[in-house]
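S.K.: One letter stands for each residue in the lines below.
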Amino acid sequence: MNYQPSDGLKVVDPEETTMPRIPGQAESPPPATPSASPGPGAGLEEMHATRQVRIEDLHAYYGSVHAVKGVNLAFDPGHVTAIIGPSGCGKSTMVRCVNRMHEEIPGARSEGRILLDDVDLHASNVDVVTVRRVVGMVFQKPNPFPTMSIYDNVASGLKFTGAARDEVKDRVNAALEGAGLWNEVHDRLSSPGMSLSGGQQQRLCIARALAVEPDVLLMDEPCSALDPVATLKIEELIGQLKDRVTIAVVTHNMQQAGRVADTTAFMLSGELVEIGPTEKMFTNPDDSRTEEYVTGKFG
Amino acid sequence: MESSQRPDHPLLAARTGNLRRRRAANRTMETSAWIAAVLAVAVLVLVIGSVAVKGLSSISLNFLTQNADPNSIEATGGIANALVGTGIMVGLATLMAVPVGILTAIYTNEFAGSRSASTIRYFLDVLNGVPTIVTGIFIFGLIVTAQGHQSGWAGAIALAIVMLPLVARSCQEVLALVPGSVKEAGLALGASRWRTTVSVVVPTALSGMITGALLAVARALGETAPLLFVSSIFATNLSTDPSQALPSVPLVIFQFSESPTPAKHDQAWAAALVLIVVVLLISIVARVLSARMRRRLGAAR
Numbered sequence: 055m056n057y058q059p060s061d062g063l064k065v066v067d068p069e070e071t072t073m074p075r076i077p078g079q080a081e082s083p084p085p086a087t088p089s090a091s092p093g094p095g096a097g098l099e100e101m102h103a104t105r106q107v108r109i110e111d112l113h114a115y116y117g118s119v120h121a122v123k124g125v126n127l128a129f130d131p132g133h134v135t136a137i138i139g140p141s142g143c144g145k146s147t148m149v150r151c152v153n154r155m156h157e158e159i160p161g162a163r164s165e166g167r168i169l170l171d172d173v174d175l176h177a178s179n180v181d182v183v184t185v186r187r188v189v190g191m192v193f194q195k196p197n198p199f200p201t202m203s204i205y206d207n208v209a210s211g212l213k214f215t216g217a218a219r220d221e222v223k224d225r226v227n228a229a230l231e232g233a234g235l236w237n238e239v240h241d242r243l244s245s246p247g248m249s250l251s252g253g254q255q256q257r258l259c260i261a262r263a264l265a266v267e268p269d270v271l272l273m274d275e276p277c278s279a280l281d282p283v284a285t286l287k288i289e290e291l292i293g294q295l296k297d298r299v300t301i302a303v304v305t306h307n308m309q310q311a312g313r314v315a316d317t318t319a320f321m322l323s324g325e326l327v328e329i330g331p332t333e334k335m336f337t338n339p340d341d342s343r344t345e346e347y348v349t350g351k352f353g
Numbered sequence: 002m003e004s005s006q007r008p009d010h011p012l013l014a015a016r017t018g019n020l021r022r023r024r025a026a027n028r029t030m031e032t033s034a035w036i037a038a039v040l041a042v043a044v045l046v047l048v049i050g051s052v053a054v055k056g057l058s059s060i061s062l063n064f065l066t067q068n069a070d071p072n073s074i075e076a077t078g079g080i081a082n083a084l085v086g087t088g089i090m091v092g093l094a095t096l097m098a099v100p101v102g103i104l105t106a107i108y109t110n111e112f113a114g115s116r117s118a119s120t121i122r123y124f125l126d127v128l129n130g131v132p133t134i135v136t137g138i139f140i141f142g143l144i145v146t147a148q149g150h151q152s153g154w155a156g157a158i159a160l161a162i163v164m165l166p167l168v169a170r171s172c173q174e175v176l177a178l179v180p181g182s183v184k185e186a187g188l189a190l191g192a193s194r195w196r197t198t199v200s201v202v203v204p205t206a207l208s209g210m211i212t213g214a215l216l217a218v219a220r221a222l223g224e225t226a227p228l229l230f231v232s233s234i235f236a237t238n239l240s241t242d243p244s245q246a247l248p249s250v251p252l253v254i255f256q257f258s259e260s261p262t263p264a265k266h267d268q269a270w271a272a273a274l275v276l277i278v279v280v281l282l283i284s285i286v287a288r289v290l291s292a293r294m295r296r297r298l299g300a301a302r
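Heads up: the sequence lines are chains A and B, in that order. Residues in the first sequence are numbered from 55 upward in steps of one, following our numbering. Residues in the second sequence are numbered from 2 upward in steps of one, following our numbering.
Because the hints were derived from the structure by calculation, they are not lab data. Note that this is a predicted model, so its numbers are computed, not measured. Glycine included, each C-beta is placed from N, C-alpha and C at the ideal position. Any given hint could turn out to be false.
Claimed, not checked - Short derived list, chain A residues pointing at chain B, Cβ under 10 Å:
no., residue
1, Ala162
2, Asp172
3, Val183
4, Thr184
5, Pro196
6, Phe199
7, Ser210
8, Gly211
9, Lys213
10, Ala218
11, Pro282
12, Ala284
13, Leu286
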């Protein structure tokens, strides 16, 4: 059965946006087709390691509840991977295993391997604090630190990991530019972080996560608490950031996945049902359950 | 629609006996609750009012700056030595109890497993309920008999024991109010557990913790029983040496009131007025801080 995508599923071309460029960066490559590797000019990636996350046979438990059942997937660098699925399917749990936030919950545990550049993040010689510096996370509800100013919020990650004082200012400014917030707040960096609007607070949290220059950025339903205008700004931001960081976005909004993601993974009841290029997932998926979900038969 | 057209509609039914009884019961309960609230407020007003009326006449700069003169029958002397003694003992007690209380609260809320956390909370609640005279006798047996004399240090330690559960419990309540999302944000940035607590959680809860400490100080200022055996036989000169017994305002009130001369009774009222004013001021500051913190946390939710 042919499924005709509605207008909402158009994939955004990052070249069309007008958000400010991060100063000093190499020009971003032409928009990547979902299965092609990043084109020439992706100097940042050649300098860095591959920034690929591979999840192998991941199981996650809350006590005796088996929330994630044997998931295998990869987040490729230069791509945005969306994870969709109905409520309670385990997508947030799975993503929280990647930066090891899952184990902070009492009684929660996980099994399986999660590899970043071929390093197992759960290995005994890997410090969980380092993992979280390299794998950043943005949460559903914006959570800037309430006692800190905008500047201090963005600098907090750097201060936690002991960056040099003279570096901090430059990295804060770069992070605010990267999050598309610089123009709006550069003249009031010392005002409280909580004085910003919801959408600005979320971009502040993105800047905070970017300041420590992670390899991977996990976004757990980043727009579900925001109005449509703020949502659009953040979706544009995701398109711009994907060449700097490997991005995985958990979303229950299928249209959003269509707009921002190159690759989409569909989860159901703790299992990964299917993963593939976004266009294919929404127009011609292999699995019938995927088709039923994207056509709205359940959700 | 005219009500006369549907006189038998249940909505327009006359107030039957049942309905009338219910409304009367409702009014009775509301009135009783109001009277109870008025009584509660009236008690405080009466206490402060009578102390003020009886004590105001004896308050003077002299009173606050001169040492006690227990042997005179005139209204000479003052409570300067008692004020200093209370200040020193409560100050030392605060320095001991507040850090321990805060660290205990941080431990139970952020690091302990749920079973040890509830055990510690239970112990703190029981300690809170120990009669302060028992605390006094305990310190008497532990320190005063060992040293052979009373001392301000012993008084400070007894007061610290009284203050500790207050500080710890209120800090626990306040730390629990910090939203989990804020802690998660700290952890997700790559801060260790301890770093998240110190740099994120504690600053967010800070006004509440200061409030808890202030209320504990207000309580300690008026504690009499712990000092009865431990720092009650003191000289009348002004001393700042805690290795000897130090006078304190509550004990001086007690001594003045035991005196046979009425002039000293007036001074007891005056000392009581000073004490209650200081405690009131501290309580008001604590409330203002607490409101500020609640507003800030409300924004963060």
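S.K.: Hint by hint, which ones does this structure get wrong, listed from lowest number up?
M.R.: As far as the earlier hints go, 1, 2, 10, 11, 12 and 13 are violated by this structure, in ascending order.
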